[in-house]
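Engineer: What follows is each chain in one-letter form.
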Amino acid sequence: MDTILKFENFGFKYDAQTSPTLYDINFSVKKGEKVLIAGPSGCGKSTLVHCINGLVPFSYKGKITGSLSLFGRETRDMSLFEISKHVGTVLQDSDAQFVGLTVAEDIAFALENDCVGEPELHDRVMDVAKLVNIDEFMGHAPTELSGGQKQRVSLGGVLVDDVELLIFDEPLANLDPATGKQAIELIDELQKKTGVAVIIVEHRVEDVLHRSVDRMILMDKGRIVADATPDELLSTNALIEKGVREPLYLSAMKYAGIEVTPSLRPGSIDTVVIGEAEAGKLRDWYEHAPADRKPAEAEDILDVRHLSFSYDGTRKALNDISIKIKSGEMLAIVGTNGAGKSTFSKVLCGFEHEDDGEIFFEGGDFKGFSIKERADRIGYVMQNPNQMISKIMIFDEVALGLRSRGVSEEDIKTRVEDTLKICGLWPFRNWPVSALSYGQKKRVTIAAIMVLEPKVIILDEPTAGQDYRHYTEIMEFLTELNKRGITVIMITHDMHLMLEYADRAVAFSEGRIIKDADSAAILTDSGIIERASLKETSLYELCKKAGIPDGTDFVRRFIAYEREVVRQ
Amino acid sequence: MKRFSVKTVVAIGIGAALFFVLGRFVSIPSGIPDTNISIQYGVLAFIAAVFGPIAGFLAGIIGHFFIDFSFGWGVWWSWVIASSIFGCIMGLATMKIDIDNGEFALKEIIIFNVSQIVAHLISWVGVAPALDILFYKEPANKVFIQGLTSAGINILATAVVGTLLCVAYAAARPKKDSLKEEQ
Amino acid sequence: MNNLFNYIDKESPVHRLTGATKFVCLLLWNFAAMYTYDTRYLCVMAVLSFVLFAVSKIKLKEVSFMLGFTAVFVLINNVLVYVFSPQHGTEIYGTCTYLFGLSGKYAPTAEQLFYHLNYFLKYLASIPSVILFVSTTNPSEFAASLNKLGVKYTVAYSVALALRYIPDVQKEYDEISKAQQARGIEMSKKAPLMKRIKSAASILIPLILSSMDRVEIVSNAMELRSFGKNKKRTWYMGRPFKWTDIAAMIFCAFLVIVAVFLNFKNNGRFFNPFI
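Protein chains in written order, with our numbering: chain L, 1 to 568; chain S, 1001 to 1183; chain B, 2001 to 2275.
Everything labelled a hint here was simulated from the structure, so no lab data went into it. Don't take every hint at face value.
As the list claims (entries may be wrong) - Below, a list of computed lysine-lysine pairs in the BS3-like style, where the Cα atoms sit at most 25 Å apart:
(1) S:LYS1137 to L:LYS63
(2) B:LYS2190 to S:LYS1137
(3) B:LYS2231 to S:LYS1007
(4) S:LYS1007 to B:LYS2171
(5) S:LYS1107 to B:LYS2198
(6) B:LYS2232 to S:LYS1137
(7) S:LYS1007 to L:LYS61
(8) L:LYS31 to L:LYS61
(9) L:LYS372 to B:LYS2231
(10) B:LYS2232 to L:LYS441
(11) B:LYS2105 to L:LYS316
(12) B:LYS2178 to L:LYS391
(13) L:LYS61 to S:LYS1096
(14) L:LYS413 to B:LYS2198
(15) L:LYS85 to B:LYS2231
(16) L:LYS391 to B:LYS2105
(17) B:LYS2171 to L:LYS372
(18) S:LYS1107 to L:LYS391
(19) L:LYS367 to L:LYS421
(20) B:LYS2265 to L:LYS391
(21) L:LYS13 to S:LYS1007
(22) L:LYS85 to S:LYS1137
(23) B:LYS2195 to L:LYS413
(24) B:LYS2195 to L:LYS372
(25) B:LYS2232 to L:LYS372
(26) S:LYS1007 to B:LYS2105
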């Protein structure tokens, strides 16, 4: 039998909801096929994953219509355990999937549950560990592994079962660009080696297409809206219309007036054909695109001199950091996990105390300021809004900081209401926080910081895990705050964010600043890209193909064009 | 939800981890010398209310056992057992409360708090000193006064922390409300 | 390596015993030390503990922070006993021998001091075994050994999960608490008591709510990998018993038998030199 999975007029409605989440799903996956499923948040792709791996209907109850079969058998007549013998799922959150105390135990987990005994147990675990290239870390605990390594362990943990279909649920969400690229390469290699079918669910289309896929399925509002080869699908405007970001090189080609057709092979930057006609159009657009704007002159708001810090007294997490940040700037801090970027923000906020060096805020020494006093000047917003929200009502959440500072209830009311208006939360002022979407919760946490009127706001991964629409929403909101004079510092892995929104980017590596320049200059510098675990932007490759010599300037103009022409 | 499922297994593990971290690393001075407020009992009461008596019992025993272990001062079985009995009683007393479907209003707050006061008294003024005397032949005076102090502090901490946690969790559960945007 | 509880990886006869054996021995040893108040026997057990330390190649220096906690704990308990029950020794031993020519409720008696000596010896006989267990048992093996001893594997896995997620919970607590402090949450002695507890709650609420999300995701992840499918499961870290394991358990059982025997011989749990 060639067909592994087949959906026929399939629909699903959760018991707790009034309308269905999935409608009229029709598609099948054949042996050895590789399929990318994309779509905005809430399009039903997570539910689709749950339907395939059996969590629907075994863990999440609801009503199924139509048919979903695995090797010709209806999955609802199978058990969750039977399904998991055929379908392996690599979850988005590799920390949650890592249920063993060490790498070896985690890979062994499924075998242990199947009562596999010795010596087969150890042998099979070792074989799989070698397959996913983690065999040198068998005794390591998850805290000692990088994000990429944890993902390999997750992969090993499902491959140990000889599954025929692998599902990856947003495999790139928690990885830096370079590691994400490696993950896509690893998936590709494994598929070729083992012949399993692969479904990748991801909204970062360009990054997945780094290695070819057979088909792309686009979902929106619970339905499949397109099912085609990448070359065909990327020749339409379907992605943008449904709120999924299209590859940057493709945007550039469209701006230049190139008509994208499947014959140009637009599925990947490696295959896309830039003939003489296309190259001419690109060069022409480049020469006429607006030049980069000059940053406005401003006073330094933060002046950090020779800052050093160590957690354990031996390894320096920050090593002689010096940086000046101007008032009203929008700055991105990039680098691998453990490069020191989060530590830097923690020291600024006073969560950790520097061993050496000085911090000046508006010319005054920051030393001796408590966490609370610093927070009046520099606000810190955590990555996950759920980690900050501790009140039931939105108003109380935003008022928390003021109340603990002993501000009068009358002043609190006016200040909170003003902040809610600025943050676009006014219509929800009497709602409980739990009724909001993730993006709106993020706004509440930013509002809760903004109400203290800091001049600088630091955000840890402000857009992590967000689809294009929410990403744009959050970033436009931050730009709005920035225009009001707030200095915005963003710690991020997201190269789009750097390119599109940051005036300047600072790359950290091993506790040092290795480059401080505009984003275009960083994302086209191969040495820095490698050390900061970034990825070269596809625009640069496009330039090479079109014979444009100054790639960095091309990227700058592309950014300026997007800012001034497209986004207006 | 309150049946014993894989979810309960995980809740016991993570509940014990929370109990351990709060008991071992978080010290909030109570004002009485050398006595810290044990906010972990608020969390244990919450876990028991959501996942039932078995979860409360096991999360308490595992969490407390690990605390004793990591300090190395020997496993003080009498108190470990008292913690788990507290978790178990709280689970039993709150069986009828459907906190998962957002049910935690005034009536439930009263049930929860009356139970936690009773449960703490049973555990710290009853079980712990009795076992101390039985196991270790400790002087009765000492163990009862220790038990009374602990009970008092734990009741206070559970009343605030446990209640707030339950209310916040119930409020965060999805409910079909018809919320309207206001202009 | 996995080192939450100060596990020290070495090659020694104690390390080679299975986790299950060590756990049984720990329970038996502690029961014996808890049960008896026979001074002579407690001395023997205390000496044995230190011999075991030498056998296990664990140096006192490596466990010094644990010994520090223990010392404080022992001291406080001794003081408390004296404060609340200065006549406890007299009640137990039935005689009252005032020392240094003093008398009165809080005056030192030979019986009370002897009781304190026993109390102290009890710690000396039992605590080293706990520290030894912690330092020589790989946490990964602990859950497997519980299952081997007849604890249901679901419960044993809860123990493993607790060990697995303690570092994550700790890190998350730390991050949330710092971010909330920046918003003005105060937990130190500066704030009044009720405010302190309420502050704790505003750190705990986000921590607990995100832990509840974690419960959901982790249980899905486990079910997708067949957890709960069978009535039993195997353990990657499990090890078969060897003759040394059996011998160790028999020896510890013998310790308990001696303790019970002494109970009959002394007509009670205390050894009484005063009559």
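Engineer: Each hint needs a verdict: does it hold in this structure or not?
Structural biologist: The hints, checked one at a time:
1. S:LYS1137 to L:LYS63: violated, 61 Å
2. B:LYS2190 to S:LYS1137: violated, 40 Å
3. B:LYS2231 to S:LYS1007: Holds, at roughly 17 Å.
4. S:LYS1007 to B:LYS2171: holds, 23 Å
5. S:LYS1107 to B:LYS2198: holds, 22 Å
6. B:LYS2232 to S:LYS1137: violated, 40 Å
7. S:LYS1007 to L:LYS61: holds, 15 Å
8. L:LYS31 to L:LYS61: Outside the cut-off at roughly 29 Å; violated.
9. L:LYS372 to B:LYS2231: violated, 54 Å
10. B:LYS2232 to L:LYS441: violated, 43 Å
11. B:LYS2105 to L:LYS316: Not satisfied, since the Cα-Cα distance of roughly 59 Å exceeds 25 Å.
12. B:LYS2178 to L:LYS391: holds, 17 Å
13. L:LYS61 to S:LYS1096: holds, 23 Å
14. L:LYS413 to B:LYS2198: Holds: LYS413 of chain L and LYS2198 of chain B sit about 22 Å apart, inside 25 Å.
15. L:LYS85 to B:LYS2231: holds, 18 Å
16. L:LYS391 to B:LYS2105: violated, 54 Å
17. B:LYS2171 to L:LYS372: holds, 21 Å
18. S:LYS1107 to L:LYS391: The given pair, whose Cα atoms are some 21 Å apart, holds under the 25 Å limit.
19. L:LYS367 to L:LYS421: violated, 34 Å
20. B:LYS2265 to L:LYS391: violated, 64 Å
21. L:LYS13 to S:LYS1007: Status holds; Cα separation ~23 Å.
22. L:LYS85 to S:LYS1137: violated, 56 Å
23. B:LYS2195 to L:LYS413: holds, 22 Å
24. B:LYS2195 to L:LYS372: With a Cα-Cα distance of about 16 Å, the restraint between LYS2195 of chain B and LYS372 of chain L holds, given a limit of 25 Å.
25. B:LYS2232 to L:LYS372: Not OK: LYS2232 of chain B and LYS372 of chain L at ~53 Å, beyond 25 Å, violated.
26. S:LYS1007 to B:LYS2105: Status violated; Cα separation ~56 Å.
Hint violations for this structure: numbers 1, 2, 6, 8, 9, 10, 11, 16, 19, 20, 22, 25 and 26, all remaining hints satisfied.
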